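Protein chains: 2
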Amino acid sequence: MDKRTKKATIIEVARLAGVSTATAGRVLGSYGYASTAIQKKVRDAADTLGYRPNRLARGFKTGRTQTIGVVVGDIESPFYAGILRGIADEVRGRGFGVLVTNSDENVDQEREAVQLLLEKQVDGLIVSPAAIAHADCLSHAIASQCPVVQVDRVVRGLETDAVLLDNVGSAHHAVTQLIDAGHKRIGIVAELVGASPKDISTFVRTMKPKLPLRHLYPSWQRLLGYLLAHREAGLKVDASLVRKVNTYSISAAKSATEELLSQTRPTALFTADGLMSTGAMMAIAGRGLRIPNDLSLVCFDDLDWMKFIGTGISAISQPANQMGVAVAELLMRRIDLQPGPPEHRILLAEFVARGSIVAPV
Amino acid sequence: MDKRTKKATIIEVARLAGVSTATAGRVLGSYGYASTAIQKKVRDAADTLGYRPNRLARGFKTGRTQTIGVVVGDIESPFYAGILRGIADEVRGRGFGVLVTNSDENVDQEREAVQLLLEKQVDGLIVSPAAIAHADCLSHAIASQCPVVQVDRVVRGLETDAVLLDNVGSAHHAVTQLIDAGHKRIGIVAELVGASPKDISTFVRTMKPKLPLRHLYPSWQRLLGYLLAHREAGLKVDASLVRKVNTYSISAAKSATEELLSQTRPTALFTADGLMSTGAMMAIAGRGLRIPNDLSLVCFDDLDWMKFIGTGISAISQPANQMGVAVAELLMRRIDLQPGPPEHRILLAEFVARGSIVAPV
DNA sequence: CTGAAAGCGCTTACAG
DNA sequence: CTGAAAGCGCTTACAG
Numbered sequence: 001m002d003k004r005t006k007k008a009t010i011i012e013v014a015r016l017a018g019v020s021t022a023t024a025g026r027v028l029g030s031y032g033y034a035s036t037a038i039q040k041k042v043r044d045a046a047d048t049l050g051y052r053p054n055r056l057a058r059g060f061k062t063g064r065t066q067t068i069g070v071v072v073g074d075i076e077s078p079f080y081a082g083i084l085r086g087i088a089d090e091v092r093g094r095g096f097g098v099l100v101t102n103s104d105e106n107v108d109q110e111r112e113a114v115q116l117l118l119e120k121q122v123d124g125l126i127v128s129p130a131a132i133a134h135a136d137c138l139s140h141a142i143a144s145q146c147p148v149v150q151v152d153r154v155v156r157g158l159e160t161d162a163v164l165l166d167n168v169g170s171a172h173h174a175v176t177q178l179i180d181a182g183h184k185r186i187g188i189v190a191e192l193v194g195a196s197p198k199d200i201s202t203f204v205r206t207m208k209p210k211l212p213l214r215h216l217y218p219s220w221q222r223l224l225g226y227l228l229a230h231r232e233a234g235l236k237v238d239a240s241l242v243r244k245v246n247t248y249s250i251s252a253a254k255s256a257t258e259e260l261l262s263q264t265r266p267t268a269l270f271t272a273d274g275l276m277s278t279g280a281m282m283a284i285a286g287r288g289l290r291i292p293n294d295l296s297l298v299c300f301d302d303l304d305w306m307k308f309i310g311t312g313i314s315a316i317s318q319p320a321n322q323m324g325v326a327v328a329e330l331l332m333r334r335i336d337l338q339p340g341p342p343e344h345r346i347l348l349a350e351f352v353a354r355g356s357i358v359a360p361v
Numbered sequence: 001m002d003k004r005t006k007k008a009t010i011i012e013v014a015r016l017a018g019v020s021t022a023t024a025g026r027v028l029g030s031y032g033y034a035s036t037a038i039q040k041k042v043r044d045a046a047d048t049l050g051y052r053p054n055r056l057a058r059g060f061k062t063g064r065t066q067t068i069g070v071v072v073g074d075i076e077s078p079f080y081a082g083i084l085r086g087i088a089d090e091v092r093g094r095g096f097g098v099l100v101t102n103s104d105e106n107v108d109q110e111r112e113a114v115q116l117l118l119e120k121q122v123d124g125l126i127v128s129p130a131a132i133a134h135a136d137c138l139s140h141a142i143a144s145q146c147p148v149v150q151v152d153r154v155v156r157g158l159e160t161d162a163v164l165l166d167n168v169g170s171a172h173h174a175v176t177q178l179i180d181a182g183h184k185r186i187g188i189v190a191e192l193v194g195a196s197p198k199d200i201s202t203f204v205r206t207m208k209p210k211l212p213l214r215h216l217y218p219s220w221q222r223l224l225g226y227l228l229a230h231r232e233a234g235l236k237v238d239a240s241l242v243r244k245v246n247t248y249s250i251s252a253a254k255s256a257t258e259e260l261l262s263q264t265r266p267t268a269l270f271t272a273d274g275l276m277s278t279g280a281m282m283a284i285a286g287r288g289l290r291i292p293n294d295l296s297l298v299c300f301d302d303l304d305w306m307k308f309i310g311t312g313i314s315a316i317s318q319p320a321n322q323m324g325v326a327v328a329e330l331l332m333r334r335i336d337l338q339p340g341p342p343e344h345r346i347l348l349a350e351f352v353a354r355g356s357i358v359a360p361v
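Protein chains in written order, with my numbering: chain S, 1 to 361; chain L, 1 to 361.
If you are wondering where the hints come from, they were derived from the structure by calculation, not from laboratory data. Careful: at least some of the hints might be erroneous.
Since the list gives no way to pick one copy over another, a pair counts as held whenever it fits inside one copy or between any two copies.
[Unchecked claim] Straight-line C-alpha distance at most 25 Å; calculated PhoX-like pairs for lysine-lysine:
| hint | residue 1 | residue 2 |
| --- | --- | --- |
| 1 | K61 | K6 |
| 2 | K7 | K61 |
| 3 | K307 | K210 |
| 4 | K236 | K198 |
| 5 | K307 | K61 |
| 6 | K236 | K61 |
| 7 | K40 | K210 |
The structure displayed is predicted, hence computed values, not measured ones.
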């Protein structure tokens with residue numbers, strides 16, 4: 001192989017092999033027929049020239065880039081990192097590339113990202129939509145024939161395939177463990193984006209969400225699971241046990257938990273995602289509370305430290321990798337033009353029982 | 001804006017505006033001149049047609065795709081996720097996309113990934129090389145004019161810009177804290193890829209690495225920092241205090257730590273990265289050891305739980321985001337054809353002192 | 001300041 | 001089974 005700096009094109013390969021560029025393309029791109037004799041000539045020529053196909057040119061010509069775009073909130077979050085990992089694994093064998101962007105859960109950033117990805121002619125889009133009410137940029141993508149699959153949440157009125165978690169069921173199950181152990185005052189710390197105190201108390205009372213269930217943010221769905229578990233047990237929920245966080249950050253989760261612990265004295269706590277759990281744990285440790293003796297705890301998202309802190313923290317483990325694999329699968333199907341109505345694939349989380357639940361004192 | 005499914009091209013915009021495609025391109029791509037009157041006509045036409053530039057076509061023509069490729073071990077690792085975040089942030093404003101791939105620290109996978117990225121005509125490559133002895137695919141990339149920047153480690157003989165951490169200095173500093181507190185038997189749990197027991201004992205004795213210092217894997221550099229700290233204090237190191245891990249996994253780190261704790265009874269422990277720290281903590285908790293009363297501990301990589309476990313774990317905090325920003329900056333310069341000899345940018349880690357170091361009993 | 005024309009590196013009907 | 005030719009959607013010298 002000749003290592004010159006100038007890249008060889010199919011034209012040069014064809015010339016050296018003494019065939020047309022069409023034929024050279026057919027053997028190198030393995031489409032169409034070619035006699036074995038010619039195949040060998042072409043491959044040899046390609047080898048000696050160190051030919052590397054220009055996928056950009058191919059994509060430009062065929063209209064398919066073998067690239068998918070992914071827009072998530074923040075790849076630094078273990079949940080999204082896990083999803084991304086699953087996507088990359090699923091897609092690699094197919095020779096696809098993955099273009100990633102962070103939206104920071106911000107609609108403008110999401111719009112810009114989608115725009116860029118579309119202009120780069122991705123074959124499909126995987127999005128964890130920042131806003132759930134509407135997403136013009138995603139409708140626009142679909143209108144221009146770019147398949148979209150949503151993950152973790154679903155925009156109202158955006159009819160696409162989606163991969164979701166059974167948030168209500170998982171939270172319900174976890175909180176039921178607490179109730180079964182005898183807890184009656186169970187605090188919950190959750191993101192609850194865009195909630196006012198009034199929204200929360202209304203929701204706690206009525207359990208009627210403003211949007212259809214499947215268009216709720218995950219943290220709202222988890223709250224619903226919490227409420228349902230209570231109702232099922234005939235327990236009334238004191239709205240002051242339900243804490244939202246001011247900004248989506250560990251320190252805000254910590255403050256919210258501190259307030260909750262000092263003001264309403266719950267005997268158990270349920271945290272609605274990994275970030276909440278970490279913040280809550282900081283507050284718990286800060287107050288010198290021992291788990292489970294002083295406080296029972298169940299967390300959404302199973303983080304490393306839950307395995308070794310104290311007697312272990314019982315947790316709901318989201319199958320992030322599998323979610324990534326599933327969402328990539330669904331997208332690939334659509335890229336392959338498989339028709340059919342939108343499919344929502346709902347994955348189940350695993351409840352990992354450890355030593356953080358005991359009867360209240 | 002007209003939302004038809006067929007995408008408008010610059011030809012149609014030009015026709016509607018009554019100008020040539022060249023002119024339309026000049027105003028839409030903001031290169032070259034155009035009178036304000038024409039600018040308006042073209043923009044209006046673009047708006048009514050809902051024109052979106054095809055960046056693939058542009059890239060194909062200009063030879064610059066405004067896309068960079070990134071190959072890291074595993075995006076699920078918080079360290080790489082942090083780097084990727086930094087890269088994405090740095091690059092977004094420039095309208096660049098980021099194509100990510102996992103090598104799983106496997107040379108073949110790395111080669112395939114680099115190959116694919118090159119064929120996709122990325123403008124540059126950021127790689128955390130899987131093997132340090134050589135990397136033909138990266139030399140190949142450079143030979144074909146694709147700038148490469150290395151991060152976290154550097155391949156021998158591959159002269160590129162790089163962003164590295166001062167592993168030796170950081171480890172030295174951390175271990176010195178332990179020594180200053182009076183510890184004489186300090187265990188270390190590290191990855192130490194490709195080491196035999198003999199390699200380790202030789203290295204402990206001679207402190208002469210097989211490769212030049214800067215081409216050592218991070219875990220070896222951290223071990224060196226550990227050794228230097230001992231030598232400086234006039235302390236001899238018992239080679240049985242140095243534990244490598246059989247596979248790079250939490251459970252292997254846990255087993256290695258268990259062996260270390262039961263066999264050699266150290267009074268303090270130094271873990272050489274986040275994964276080692278998590279595994280070690282599982283072993284420590286499993287044995288019911290309390291930190292710092294039963295064992296002092298310092299960890300490389302500052303993980304969330306180190307803030308709230310017990311009295312806190314003192315840790316070395318790698319500036320992963322900054323590393324990502326730096327590596328993207330360096331790459332962007334080369335993409336802009338800035339000449340000059342390869343630059344190695346060495347970042348410093350921060351030592352976060354918490355409550356995990358006390359005098360040995 | 002603007003336009004006509006060539007061309008980036010492939011693939012794809014269409015002939016033969 | 002193979003080749004000549006057109007064309008994907010832009011940008012870029014080159015004229016004017």
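Here is how each hint holds up against the structure:
Proximity of K61 and K6 under a CA criterion of 25 Å is satisfied in both settings, with 22 Å inside one chain copy and 16 Å between copies. For the homomeric pair K7 and K61, the shortest alpha-carbon distances inside one copy (19 Å) and between copies (15 Å) are both at most 25 Å. Taking the shortest alpha-carbon separations for K307 and K210, neither the intra-copy value of 37 Å nor the inter-copy value of 38 Å comes in at or below 25 Å. For the identical chains of this complex, K236 and K198 are intra-copy neighbours only, at 18 Å inside a copy versus 66 Å across copies, given an alpha-carbon limit of 25 Å.
Neither within a single protomer nor between protomers do K307 and K61 lie at most 25 Å apart by alpha-carbon distance, with minima of 52 Å and 54 Å respectively. When the C-alpha separation of K236 and K61 is checked against a cutoff of 25 Å, the pair qualifies neither within a copy, at 63 Å, nor between copies, at 67 Å. For the identical chains of this complex, K40 and K210 are neighbours neither inside a copy (66 Å) nor across copies (44 Å), given an alpha-carbon limit of 25 Å.
Hint compliance for this structure: hints 3, 5, 6, 7 are not met, and every other hint is.
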